[in-house]
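Take the given structure of chain A and dock chains B and C to it, following the hints.
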Amino acid sequence: METSLGELVARLGGELVGDATIRVRQIASLEAARPGEIAFLSNPKLIAALASSEASAFILSPKAAGLTERARILTPDPYLYFARAAQLFNPPKRPAAGVHPSAVVASALPASVSVAPQAVIGEGCEIGEDCIIGAGCVLGDGVRLGAGSLLHAGVKIYDNCEIGARAIIHSGAVIGADGLGFARDADKHWVKIPQIGRVIIGDDVEIGANTTIDRGALDDTVIGNGVKLDNLIHVAHNCRIGDDSIMAAMAGLAGSTVVGKRVMAGGKAGFSGHLEVADDVTISADTNVTKSIDKAGVYTSMIPLQAHADWVRNFSHLRRLDAMAERLRELEKKLGAKES
Amino acid sequence: METSLGELVARLGGELVGDATIRVRQIASLEAARPGEIAFLSNPKLIAALASSEASAFILSPKAAGLTERARILTPDPYLYFARAAQLFNPPKRPAAGVHPSAVVASALPASVSVAPQAVIGEGCEIGEDCIIGAGCVLGDGVRLGAGSLLHAGVKIYDNCEIGARAIIHSGAVIGADGLGFARDADKHWVKIPQIGRVIIGDDVEIGANTTIDRGALDDTVIGNGVKLDNLIHVAHNCRIGDDSIMAAMAGLAGSTVVGKRVMAGGKAGFSGHLEVADDVTISADTNVTKSIDKAGVYTSMIPLQAHADWVRNFSHLRRLDAMAERLRELEKKLGAKES
Amino acid sequence: METSLGELVARLGGELVGDATIRVRQIASLEAARPGEIAFLSNPKLIAALASSEASAFILSPKAAGLTERARILTPDPYLYFARAAQLFNPPKRPAAGVHPSAVVASALPASVSVAPQAVIGEGCEIGEDCIIGAGCVLGDGVRLGAGSLLHAGVKIYDNCEIGARAIIHSGAVIGADGLGFARDADKHWVKIPQIGRVIIGDDVEIGANTTIDRGALDDTVIGNGVKLDNLIHVAHNCRIGDDSIMAAMAGLAGSTVVGKRVMAGGKAGFSGHLEVADDVTISADTNVTKSIDKAGVYTSMIPLQAHADWVRNFSHLRRLDAMAERLRELEKKLGAKES
Chain A
1 METSLGELVA RLGGELVGDA TIRVRQIASL EAARPGEIAF LSNPKLIAAL ASSEASAFIL
61 SPKAAGLTER ARILTPDPYL YFARAAQLFN PPKRPAAGVH PSAVVASALP ASVSVAPQAV
121 IGEGCEIGED CIIGAGCVLG DGVRLGAGSL LHAGVKIYDN CEIGARAIIH SGAVIGADGL
181 GFARDADKHW VKIPQIGRVI IGDDVEIGAN TTIDRGALDD TVIGNGVKLD NLIHVAHNCR
241 IGDDSIMAAM AGLAGSTVVG KRVMAGGKAG FSGHLEVADD VTISADTNVT KSIDKAGVYT
301 SMIPLQAHAD WVRNFSHLRR LDAMAERLRE LEKKLGAKES
Chain B
341 METSLGELVA RLGGELVGDA TIRVRQIASL EAARPGEIAF LSNPKLIAAL ASSEASAFIL
401 SPKAAGLTER ARILTPDPYL YFARAAQLFN PPKRPAAGVH PSAVVASALP ASVSVAPQAV
461 IGEGCEIGED CIIGAGCVLG DGVRLGAGSL LHAGVKIYDN CEIGARAIIH SGAVIGADGL
521 GFARDADKHW VKIPQIGRVI IGDDVEIGAN TTIDRGALDD TVIGNGVKLD NLIHVAHNCR
581 IGDDSIMAAM AGLAGSTVVG KRVMAGGKAG FSGHLEVADD VTISADTNVT KSIDKAGVYT
641 SMIPLQAHAD WVRNFSHLRR LDAMAERLRE LEKKLGAKES
Chain C
681 METSLGELVA RLGGELVGDA TIRVRQIASL EAARPGEIAF LSNPKLIAAL ASSEASAFIL
741 SPKAAGLTER ARILTPDPYL YFARAAQLFN PPKRPAAGVH PSAVVASALP ASVSVAPQAV
801 IGEGCEIGED CIIGAGCVLG DGVRLGAGSL LHAGVKIYDN CEIGARAIIH SGAVIGADGL
861 GFARDADKHW VKIPQIGRVI IGDDVEIGAN TTIDRGALDD TVIGNGVKLD NLIHVAHNCR
921 IGDDSIMAAM AGLAGSTVVG KRVMAGGKAG FSGHLEVADD VTISADTNVT KSIDKAGVYT
981 SMIPLQAHAD WVRNFSHLRR LDAMAERLRE LEKKLGAKES
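Chains as they are written, first to last, in the numbering used here: chain A, 1 to 340; chain B, 341 to 680; chain C, 681 to 1020.
In isolation and in its complexed conformation, chain A is listed as follows (with noise of 0.2 Å):
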């Protein structure tokens, strides 16, 4: 898709300064823009690059306008108009309408929707306008999946589960599955609990290659709207994720966990279950929520790096912690003591 600098500050805005019939066909970074593409600049360590860049144009904040004297858009958030942009130079790929011979289909769809080769869709599943469902995905019975989504190849999602508009799921990931639910009797085996919840998600939501949402025991798991999930995440039953909240890749979730609006967490962060965690919190990367978090902010728990030979040293300590604690409690008790 290529346009002109003119055009592009048509459908999404900015200011541009410079020739407005340069034509860009591709967005790209400072580094490896080449002619006909346009980069952007919103981290300041990357200034230098910006006079070396062979872009045809770049998005600028204000601040930075006098930065170069070429063409260029500016923008309060170059980092999001880039995200605009390349939305607008990589329109997602769609695959032609219809249902290949080689999927099993159930139900009725809307002709809008292509299904891929080897696709296999249950009975009542409502299926929008519009959706793309990938090879080898599995729909069970009953599976709601909302206008416009995407479905990767090998997606497979369980029995009445709902998923809501312009959904997009990558391969693998399984939506639906029976949550850790066992009793134990008087011989120390497991019962199974059937975990008759389901799953429903909210409209706009991402969710990443092998990651697992498991269905509620007796009530639902609900990921509301706008909720982006990385790779190889785990949601156990009966969670709620609120709107808006991001989560990167091998971030857990243990059951009945209840996370707010605009919560960000890091990568391999950890929850532990039946807690609340209020909107807005951050939890940094491979940090334990131990606890109901109530105020926004940033919370942690990452043990920093060592070298092995001091990890060694330092860490051998953590088993003596409270006799350290107690030492110096003498201490101060015997300098009190001498003083007094």
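Keep in mind that the hints were calculated from the coordinates and are not lab data.
Just so you know, even glycine gets a beta-carbon here, dropped at the ideal spot from N, CA and C.
Do not rely on the hints blindly, as some may be mistaken.
Unchecked claim - Here are the simulated lysine-lysine pairs, DSS-like style, with alpha carbons at most 30 Å apart:
no., chain 1, residue 1, chain 2, residue 2
1, A, K93, C, K868
2, C, K975, C, K1013
3, B, K403, B, K385
4, A, K334, B, K673
5, C, K941, A, K45
6, B, K528, C, K773
7, A, K45, C, K868
8, B, K631, C, K1014
9, B, K635, A, K291
10, B, K433, A, K192
11, B, K528, A, K192
12, C, K941, B, K532
13, B, K385, A, K192
14, A, K295, C, K1013
15, A, K261, A, K291
16, B, K635, A, K192
17, C, K872, A, K295
18, A, K291, C, K971
19, C, K773, B, K631
20, B, K433, A, K188
21, A, K291, B, K385
22, B, K601, B, K635
23, A, K261, B, K385
24, A, K45, C, K872
25, C, K1014, A, K334
26, C, K975, B, K673
27, B, K528, C, K872
28, C, K975, B, K532
29, C, K975, A, K333
30, C, K1014, B, K532
31, A, K188, B, K403
32, B, K601, A, K188
33, B, K631, B, K601
34, A, K261, C, K872
35, C, K971, C, K872
Claimed, not checked - Where chain C lies over chain B, by a calculated footprint (3+ residues, C-beta under 8 Å):
no., stretch
36, 425 to 433
37, 530 to 541
38, 564 to 576
39, 580 to 589
Coordinates of chains B and C only, in the frame set by chain A:
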């Protein structure tokens, strides 16, 4: 499945107090229950919800018998009774027996087996009576699957792996992939060690979505009877997990770990390789088992959550713990010296 | 594959001590070996097992040559020799060449390629000679796969990703899904940044079950030659992993991490994004690489296991470390003051 309280007690035991003809059709939590449903009280915190519950009957411990005048079943373990009643009200869905025409099956199967669309079953497999093979599952050659087992959509089982009766395996689980086995040559390239062991899984095992259990290098990887593994768990080659152990999501076992019976591991628990864990051990969430454990009990190494600023201030000292300990010793010496 | 010790040494090298006509048909551990099998000793702890082993021959280091009178092959690295012998005795299974009629293939393939049932191959793919595409694999459009590569069942490769020769990719791995790339708009909604880079993987790479490698945002994600990745690993967009690096299960790399050659990472190791790790670095299991590492060596940040009660007592002080350090300084000042 609707039943009367009288029939329920006849099937599952317990002491009925109240009208045996009251009919119930589903189990529910105290808060969500509607007329026609039976609720249970296992968590003392929910006693208040008992009075306002709309349930038609309750499952209570004998101690709690006086908390309501309404119809109730008394049983020493209401949570276990709930599990059994939930099974009764929610029998698993059984697709019709037979092989879908799109499936590719190279082994003889009992007539009672159900094979969903796009499934692939290799040569020389032995599939037990009443098994359900979900859509898109792939079983290699020589796979054995015990009677009454259920594979949800997209399970992959490599050649020659064996799974017992009544297994439930969730979507995306991979049984029998190669373990990470390599020798290093003189040029520091990795030379693959063929993984010629199998995975042997006992009866009544449940395996979560996208969990991976690797085949053994020379000998087998062995999962005992009644083991329950949650989602996204990794079991490396040559591990052995004892009967009735249970692990929450994202737990990981390095190679040749031997875990006893009735071991419980929290989410993200990790087991270093080549160690043994005794029966009845409990490992807390996000805890690393870095050495063998020879005694039942609870073990933990999780880092507690902190506000980020507190973490920066406190955890900077982790790299100086040894120096702190040395300074403490120094002070003690000084103070002791003064006293003597 | 049965062979004589003489032939074995002719093919793999080593010094044979004993009868060259002895025949062996499989490799085994010292303990499990039966007559007709050859065992190896690489771990000095197992010397006792040598005497009682039923193996017909042994692979030993020259130093260990005198530990048995029986037939033995002497080689400086018995474990490496074991790997090579194991390959010889256990050649990979080769399904017949050709495309199964249930597969859906939109690209021209060499006649030597084997495509299993239900596989899907898009348009414009270039598949090398002798590749094996497992059941239910899905390759998008424009995928390149080098000669002799093996995709186990259910591997998904997105459009335009490239994989070198002799790859082994295990079931459920996902190559080329979108990275977690979003900008935040003024209303705090997330705006997707199309991920237009690719995944480029070198030769002789092995990728474990359910591992995910995301495509680059603008530039590519790059995996070097000879890299070995275990199961359930996450490689985020724009990472680069150097030749012959190896990572154990559940390791995770955040975006734009650059890892050197011959780096080894233990299970659950985590790499924060936008950092560089030098060649020949070893990261211990469950260790977070929170900053760049510019020197070869071993690095660790794992928390040692404790009995739960000890953990409660000791780790409560982690939230007071800074206060402890301050009290220590205070004591030192006091004591110094007294002395002066």
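Hint by hint, here is what the structure shows:
no.	hint	in the structure
1	A/K93 to C/K868	27 Å, holds
2	C/K975 to C/K1013	38 Å, violated
3	B/K403 to B/K385	15 Å, holds
4	A/K334 to B/K673	13 Å, holds
5	C/K941 to A/K45	27 Å, holds
6	B/K528 to C/K773	27 Å, holds
7	A/K45 to C/K868	25 Å, holds
8	B/K631 to C/K1014	42 Å, violated
9	B/K635 to A/K291	29 Å, holds
10	B/K433 to A/K192	15 Å, holds
11	B/K528 to A/K192	48 Å, violated
12	C/K941 to B/K532	18 Å, holds
13	B/K385 to A/K192	24 Å, holds
14	A/K295 to C/K1013	38 Å, violated
15	A/K261 to A/K291	18 Å, holds
16	B/K635 to A/K192	28 Å, holds
17	C/K872 to A/K295	28 Å, holds
18	A/K291 to C/K971	28 Å, holds
19	C/K773 to B/K631	38 Å, violated
20	B/K433 to A/K188	27 Å, holds
21	A/K291 to B/K385	18 Å, holds
22	B/K601 to B/K635	12 Å, holds
23	A/K261 to B/K385	27 Å, holds
24	A/K45 to C/K872	24 Å, holds
25	C/K1014 to A/K334	12 Å, holds
26	C/K975 to B/K673	38 Å, violated
27	B/K528 to C/K872	41 Å, violated
28	C/K975 to B/K532	28 Å, holds
29	C/K975 to A/K333	45 Å, violated
30	C/K1014 to B/K532	63 Å, violated
31	A/K188 to B/K403	23 Å, holds
32	B/K601 to A/K188	10 Å, holds
33	B/K631 to B/K601	18 Å, holds
34	A/K261 to C/K872	18 Å, holds
35	C/K971 to C/K872	28 Å, holds
36	425 to 433	violated (count 0)
37	530 to 541	holds (count 6)
38	564 to 576	holds (count 3)
39	580 to 589	violated (count 0)
When the structure is compared with the earlier hints, violations turn up for hints 2, 8, 11, 14, 19, 26, 27, 29, 30, 36, 39 and for no others.
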